[in-house]
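Visitor: Those sequence lines, one after another, are chains B and A. Just add 22 to wherever you are in the first sequence, counting from 1, and you've got the working numbering. Just add 22 to wherever you are in the second sequence, counting from 1, and you've got the working numbering.
Keep in mind that a hint or two might mislead.
What the hints assert, rightly or not - Covered stretches of chain A, going by a simulated chain B footprint (3 or more residues, C-beta under 8 Å):
| hint | region |
| --- | --- |
| 1 | 75-86 |
| 2 | 179-187 |
Stated by the list, open to error - So these bits of chain A aren't anywhere near chain B, every CB distance computed over 12 Å:
| hint | residue |
| --- | --- |
| 3 | Q33 |
| 4 | D39 |
| 5 | T64 |
| 6 | A139 |
| 7 | A151 |
| 8 | R230 |
| 9 | L296 |
Bear in mind the hints are in silico, worked out from the structure with no lab data behind them. Please read all numbers here as calculations on a predicted model, not as lab measurements. Just so it is clear, CB atoms sit at the ideal spot from N, CA and C, and this is done for glycine as well.
Protein chains: 2
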Amino acid sequence: MTDTIDEQVNQYKTMIDQRLGQVFDAETINPRLKQAMRYSLTVGGKRVRPILMLLTAEAFGTDIEKVLPVALALECVHTYSLIHDDLPAMDDDDYRRGELTNHKKFDEATAILAGDALLTYSFQLISEAKGLTADEKVHALKRLSEVSGPSGMVGGQMYDLSYEDTNITLNQLEQVHDLKTGQLLIYALEMGAFLSHQPLEVVDAMKRAAAAIGLTFQIQDDILDIIGDEQALGKKVGSDVLNDKSTYPKLLGLEGAKKEKQKFVDETKHQLELTGVLNTNLAQFVISLSDRFS
Amino acid sequence: MTDTIDEQVNQYKTMIDQRLGQVFDAETINPRLKQAMRYSLTVGGKRVRPILMLLTAEAFGTDIEKVLPVALALECVHTYSLIHDDLPAMDDDDYRRGELTNHKKFDEATAILAGDALLTYSFQLISEAKGLTADEKVHALKRLSEVSGPSGMVGGQMYDLSYEDTNITLNQLEQVHDLKTGQLLIYALEMGAFLSHQPLEVVDAMKRAAAAIGLTFQIQDDILDIIGDEQALGKKVGSDVLNDKSTYPKLLGLEGAKKEKQKFVDETKHQLELTGVLNTNLAQFVISLSDRFS
């Protein structure tokens, strides 16, 4: 990234962190529940999804304040999904981002409720957003429920769990990633464009770009798990191999995975070019993320 | 209940059961997840909340079809809350309504996801409802997130868990019930009135009526736990006493609890009279439920 983009992205991240730190201050909430919700919401995270939404709005010349509540709602949904995924019945993780997971910091019941609460609150955030018309809110709420619900993210987690210890095809692997992580990324770019009053074909191209971005990130993570540097990635290198997890390198070989990744990088650029946003901070941020460590 | 009301309520219940049985048929959902969602949604239940919403709409002369999607969404939220409350980390129940709980029928991870999915899907149902304006949808979605989220039902469950094995005051007991069960009942009557274009003071009176109804039902359950008949209630008599749970009879004595219940029955009638719906199926249904077995 150039310094200017770096600076802009950091400015957005600071704004998002700050707003997330205050997001339900005014609400009357059981203190322990509020503490648990706040803990996972502010424990860290790169804020990639909300940053992407703000950068998309910026690319189309839209006021950041307009889309910010929707971006915060998206991060609340992402955070809830991490809390529930970490639970003993799911991935059973004790640490995330170097800190205790919610159920280790509090307890399992509190973690389940904190996740439920963050999910529910995300819909409240959008329904109360200033600067959106009722029609915009309804569409943002409808799409949020679709991308995060049974046909989206929750469905992806169910597929992921059901594929444990089985050999899956490339199509199945792609479906898991599309549902489990792709759909929320799609929402980020889609809403950035939709709330900027872009025509349907532009919104659709942004959704295709986001889908390609999601798969790029995933393949890159898989590759880094093999060749990466432990410190840079923040997790033990080779853990996928140790867990015998289905990955792109496992299905395609390392060189095949690199080629597959390049295919999605090219697709991303193509879609961003179609919508005329290739020379924006958004495009440069996305491309820089696709090239990290490789 | 008179035969006519009985018949009307049964007709609504059949309609609700039927719609819930088809509610996400058209959606592409992981088969196991869909099965788990469907299981808890159709395993039984008196459908008190959606019936109350339909009866409220009927009392104000509104087409039932208009409010039905919102009533179904409310039952989805109620069902998700039961699935999560039954989890081992929460109340750890193996049976509900004489059938296996979701995590016993499937497994814990699936039950967590089925709950998440039903909660998320409830917002989709309202956002896609035909016959509602965008403004009506936004308000229905906003209020659903409020009554079921951290300041509502989820908060109530957190208080309930934190009060286990402690002596609480009457005010604390009332707060738990208001949040944990009262808020969804409030939503039922509130939305029935709001979607019938009733003025704010009528909507508010219906909310007060619903709050009183919720506490009436709760005190009645507490009383029945002591004096009731096992078969009629479907759970072991005296289980509250065995679990040393805080109840109205424990705090007020049996006679005191009966008086407290009568206070809320009177309050319900008063509020329904204020709104001019005392001579409706709604009022008769509510009053008949308040008098069951006693």
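Visitor: Where does the structure disagree with the numbered hints, that is, which hint numbers, in rising order?
Guide: 1, 6 and 7
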